[in-house]
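There are 2 protein chains.
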Amino acid sequence: MERIPILKIGNLLLVSIQVDLQDRTVITLEEDLAEKIVATGARGVVIDITALDIVDSFTGRMLATIASISRVLDAETVVVGMRPAVAITLVELGLSLEGIKTALDVERGMRLLSARA
Amino acid sequence: MERIPILKIGNLLLVSIQVDLQDRTVITLEEDLAEKIVATGARGVVIDITALDIVDSFTGRMLATIASISRVLDAETVVVGMRPAVAITLVELGLSLEGIKTALDVERGMRLLSARA
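As you go down the protein sequences, you meet chains G and L in turn. The first sequence lines up with residues 1 to 117 when you count with full-length UniProt numbering. The second sequence lines up with residues 1 to 117 when you count with full-length UniProt numbering.
By construction, these hints were calculated from the structure, which means they are not laboratory data.
Identical chains blur together in the list; that is why a pair holds if it fits in one copy or across any two.
When the alpha-carbon atoms are kept at most 16 Å apart in a straight line, the in silico EDC-like pairs for lysine to aspartate or glutamate are as follows: (1) 36 to 107; (2) 8 to 32; (3) 36 to 105; (4) 101 to 76; (5) 8 to 107; (6) 101 to 74; (7) 8 to 35; (8) 8 to 76; (9) 36 to 76; (10) 36 to 74.
Values in this document were obtained by computation on a predicted structure and should not be read as measured data.
Model the full structure from these sequences, guided by the hints.
Quick look at the structure:
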């Protein structure tokens, strides 16, 4: 089974999603991330979706769930690397990712989180 | 076609390999990376292979090629996240990744590169 790696950089965690997301992969990611936040005491999570050509409602829900899990564990989530076409599709789907912070790229996302920490 | 994202963090580039590597993917990655090193003036490249269960001679060669390309563009490469089993297989295959620096995780890899910059 595919497992999405979670990289620790300073007091942030970086998740770069590059594979097609299946139910099982998403559940594993959520569990792994929750554990890693607790184990490392990370204050922020950067989710990079540069590699995703398509973001459907399933992915949108996953991003919202991850943000909520992080929030209750006292970490903030920023989604970075969204393509223009993905942004348009999301809004057309009625998914405006409310409550989820976004940044153009990993660097800006990390800066945003560091500024708040 | 799959394209492996290259993330810029400070003056380093981070490549997290999570997909099965095909010839085309590797060539694209090498081209993208060379362009990005020049465009950003990055001094180091961190290649994360946490997600790889198997590293064969093809992958070994790719890591060596990427390290060489980076070197001629004045950037240093560190391979991080190698699993114990992968290390054993590599050595059994006679691939000891000579000339390629390694570190246990992304954080140590970034620290190693920053220390040299």
